[in-house]
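Enquirer: Position chain B against the provided structure of chain A, taking the given hints into account.
One letter stands for each residue in the lines below.
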Amino acid sequence: MNLKLTKSKYWDYLPWLGIGLALVGLFAGIISRDWGPIPTGLLVSGGAIAAVWLLSKLSSREFWGQRSTQTNLNLFIAAFAMLLLLGLLNFVVARYPQRLDLSENQIFTLAPQSQQVARKLNAPLKVWLFLNEKDQASQSLLGNYRRLNSKYFSYEFVNPQQQPGLARMFEMKDYGDVYLEFGQRRQFVQNISPQQGGVLSESKLTNAISRLLTNREDRVYFLQGHGEHDLSKLTQARSALEERGYRVESLNLLEQPAQIPTPQPTSQPTPTAEPVPTPESGETPTASATGQPQLTTGATEDLAIPATANLVVISGPQRQLFESELEALERYLDQGGGLMVMLDPDNKVGLEPLLGEWGVTLDNRLVVDPTSQGVGLGATTPLVTNYGNHPITREFGNGISFYPGTQALVVAEKPTVESTPLLLTSEKSWAEKDSQLPEASLDPSRDLKGPLTLGVALNKRGVTDLAKQSRVVVFGNSSFATDAWFAQQLNQDVFVNSVVWLSKRDGEVLSISPRQPTDRRLVLDATRAQIVALLAAILFPLLGFGAAGTLFWKRR
Amino acid sequence: MGIIVGNWFAIYKKELQSYFASPFAYVIAGVFWLVSGIFFLVLMGSLLTQVAALDAQRQQFGGPGPSVDVPAVLLQNFLGILGSLALVISPMLSMGLYAEERKRSTLELLATSPITNWGVAVGKLLGALTFFVGLLLPLMVYEAITLSAANPPIAPGVFLVAHLGLLLMVASMLSIGMFVSSLTSNTIVAAILTFAVVLMLWIIDAIGNQAGGFWGDLFGHLSMLRHYNNLIQGILDTGSLAMLASYIFLGVFLTAQAVEAFRFQRA
Chain A
14 MNLKLTKSKY
24 WDYLPWLGIG
34 LALVGLFAGI
44 ISRDWGPIPT
54 GLLVSGGAIA
64 AVWLLSKLSS
74 REFWGQRSTQ
84 TNLNLFIAAF
94 AMLLLLGLLN
104 FVVARYPQRL
114 DLSENQIFTL
124 APQSQQVARK
134 LNAPLKVWLF
144 LNEKDQASQS
154 LLGNYRRLNS
164 KYFSYEFVNP
174 QQQPGLARMF
184 EMKDYGDVYL
194 EFGQRRQFVQ
204 NISPQQGGVL
214 SESKLTNAIS
224 RLLTNREDRV
234 YFLQGHGEHD
244 LSKLTQARSA
254 LEERGYRVES
264 LNLLEQPAQI
274 PTPQPTSQPT
284 PTAEPVPTPE
294 SGETPTASAT
304 GQPQLTTGAT
314 EDLAIPATAN
324 LVVISGPQRQ
334 LFESELEALE
344 RYLDQGGGLM
354 VMLDPDNKVG
364 LEPLLGEWGV
374 TLDNRLVVDP
384 TSQGVGLGAT
394 TPLVTNYGNH
404 PITREFGNGI
414 SFYPGTQALV
424 VAEKPTVEST
434 PLLLTSEKSW
444 AEKDSQLPEA
454 SLDPSRDLKG
464 PLTLGVALNK
474 RGVTDLAKQS
484 RVVVFGNSSF
494 ATDAWFAQQL
504 NQDVFVNSVV
514 WLSKRDGEVL
524 SISPRQPTDR
534 RLVLDATRAQ
544 IVALLAAILF
554 PLLGFGAAGT
564 LFWKRR
Chain B
49 MGIIVGNWFA
59 IYKKELQSYF
69 ASPFAYVIAG
79 VFWLVSGIFF
89 LVLMGSLLTQ
99 VAALDAQRQQ
109 FGGPGPSVDV
119 PAVLLQNFLG
129 ILGSLALVIS
139 PMLSMGLYAE
149 ERKRSTLELL
159 ATSPITNWGV
169 AVGKLLGALT
179 FFVGLLLPLM
189 VYEAITLSAA
199 NPPIAPGVFL
209 VAHLGLLLMV
219 ASMLSIGMFV
229 SSLTSNTIVA
239 AILTFAVVLM
249 LWIIDAIGNQ
259 AGGFWGDLFG
269 HLSMLRHYNN
279 LIQGILDTGS
289 LAMLASYIFL
299 GVFLTAQAVE
309 AFRFQRA
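First to last, the sequence lines map onto chains A and B.
Count the first sequence with this note's numbering and you get residues 14 to 569, in order.
Count the second sequence with this note's numbering and you get residues 49 to 315, in order.
Hint data in this document are derived by calculation from the structure and do not stem from the laboratory.
Don't take every hint at face value.
To be verified - Computed, partial: chain B to chain A, Cβ under 7 Å:
1) Val75
2) Phe87
3) Ser115
4) Ala192
5) Pro204
6) Gly205
7) Phe207
8) Leu208
9) His211
We put the beta carbon where it would ideally sit given N, CA and C, even for glycine.
So that you can see chain B by itself, here it is in the shape it has in the complex:
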């Protein structure tokens, strides 16, 4: 394993450095934080208002009604939105991973370096993922501040599993995006293609629902959205974990193959 993955750390560091030195990456960060922050506040506001109205009604008519777990609802809705946001920004994060190298003609250097193709791919993927974790951390900070005001207090379990789910799903999307990026030298094309593929894998769930029986099950299982929804609700299902891990692995594998094949291609 060590030999296969090789000295990915150098690539990882380089990739991270390029993210943190790129103004474009910060713009993405700013937009992501702004949009998610606004959504969070709007969600929280509307949820608190609804629940307050419900409680007032209950006071009047007496007797306990259906129970509402406000922090859990907030967490789930917010993570649902974050999933959609991630769907949009992850192509942008992964588009440059290989396409830039192609554009700057440094891909030949990489392909012939002592670092294996797998090592390069893993390093780049981890770099992109780490950047996303950096995007996520401020969110988790103010989520934690809000959720700590829950009465009675909540357990950290679901919070952690839900964010783990987000990370796994984003890793899948980045991995696939990395593969697409390795096929072309144009970053925009890479981004658009990635978005198309990931969107397809997202909505294949709905198609699966429409069809029934075998195809329905197949498409449903392929759908990242379904597995993501399971995870953010706190359900650890081996099927979901296996599927997302497969996407991650597949992306890295195909990237390594593509770079290998690149050696003999023209243009």
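Pulled out of the complex, with its shape left as it was, chain A reads as follows:
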């Protein structure tokens, strides 16, 4: 009799103990991913205890007799069935989720280019992240990709210490490295270790994926030797291009070993392969300039742009190009090359005839835009929010780009050339002839009224073979791509998209700028701030406590 009483007092709490132990074991096993003795032991013992209790209940006849048992059983069955039903429902919904991003600027949705690249995947691609900390932002970004293509896109966080073999396979260098695996190929994306505060960047990821998918290496040559921007001033542009699978090199045509010198007279020193001193005029150096009798090497090889060049960029030259260089460029273009010319005003470099063939004339007057002053830039840094209908600029909408110290371009129609203006300034702008005056104003007799074209994209008409179609993009400014300005607003997109178009990656994903939230401020004047402070910290709490106090007092 006594035994039975003690049994019934604590016995019915047994299942909770069993379930509790089993849950602990389950969680332990799941978290450590190691179903060793402790997790399984807990799971098994918990399950056993619950099972023992259940069996004893089931076997006792008196148990089955109680009505409470029946209704409890009904309750459990109904609950279980409902859980199953809801579980299934949510599983289905989770599998095929629909999302509506109501945030402004849709910052939590992938850029259309990323969506495109995720959908294009037709073979398994895995993102490996060698770090422990799974930060929310990176996970939601990766989740966005996976939702678009759950068949082929997967990602995994790996602890490099727990899986050294995997780390070795990817040649992991630092903790926090992120790699892509696509078939046999591997690609480094970026390092997102928490110490460096790194967050997985959508543009880097999409670029790396598209690079894996296209498997091209294109070369961009930056012309040097005439005062162009040195590559050290174009580091951001360079890394943006390298991220997209371009190799960036500088090209000084006059240092090219394409010239084969003929044997020299022994008494005279052999000329070294140094750049020839800058001429004052457009003539080739004469004896008077060098101070020595001019040696002719009788070079028979012409200068040539390297055959591996996918495009050539001339960024802000300040001195004349040589005839031979211009001829090399012409030949290169004729064979279907791509050329980007960025010419600042007041620089005569001899490209005018070449540009004239394409219908482009340099206006050479400084563009003045009073609307720029509204955003804190000077009037000599025109804003562009109006873009041409061309693949380079098609997705820009009304985004902003700006060009410090630029000239306008005048584009004439040519029968062999298809031209599309890319960048158009506002109507309030004009090209100022007298830019030395402190106060600039539109003088219709001397100045050119806006809207003005600052950039134009040109391609030879009627060439069916894409490889042979020459393409040119001309800008009236070179500073917008330099390091101080490159990362601002759409400047980088203008540059990168032009490079992509010039290198004829037409099926490719064009540049992605990370989505930014709208820049906004809270402008609280003193009274408003005071009202809010009063309401929030004093008035409402007092209301609550006051009401409580009144009620207490009433009840007395």
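Expert: For chain B alone, coordinates are given in the frame of chain A:
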């Protein structure tokens, strides 16, 4: 549907009346308003100071930098805190829903009344939820006053969706709390158990992150915190809505079953 839910309105009114007549409820209101108000002011102050420093720096060095949407950041951070506050007070709001009835032995009356169990459960849940809406309204008032000073002005969309998210999540917590409350006659036990369960569903997100693969996804999806975070950022995801609605439905369903079973239990 009408038959199932029955005359829930009477229960709803009664529940609301009991909240508004209870000094304890006002104490909760006072504390909630005080804590959230202080957090709001502190958040706003620190945010404005940081942004002012950033702007001053930008002025010096020139050129636009990364854009900051101050009202949006304020809204999100504040709602995050409100979520945690709701986690603490909703067990207190739901604990008495059924436990009081058990304590006062009025549960038998309810269970045998012409109002269906579902009707009672829905009425009580809506009563608790309405009380919470009452707690939320003053907050929305001074939030609106602050956010109307945004330059350029903000759209009301995210503001509304975010608060809707808060309401949905609190409804889930209250619903589960109501079920727990229907299991016991002791309100304190109900509150503690509710807090434990809801906290578990809150942090299961972190456990899901630790584990990977299938379990990670499962726990992540079960986590109320994850869905709440989606909603306060303005993301309307069918998965989140379905999950929260499931919790609400489950709570009501289980409560009705428990009350049904109560009829034949002793003590």
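Enquirer: Determine for every hint whether it applies to the structure shown.
Expert: Going down the list of hints, with the structure as the test:
1. Val75: holds, 5 Å
2. Phe87: violated, 9 Å
3. Ser115: It holds, given that the least Cβ distance between B/Ser115 and chain A is near 4 Å, below 7 Å.
4. Ala192: violated, 10 Å
5. Pro204: Result: violated, 11 Å to nearest chain A Cβ.
6. Gly205: Holds. Min distance 5 Å.
7. Phe207: Result: violated, 10 Å to nearest chain A Cβ.
8. Leu208: violated, 9 Å
9. His211: violated, 13 Å
In terms of the numbered hints stated before, the structure departs from hints 2, 4, 5, 7, 8, 9, listed from lowest to highest.
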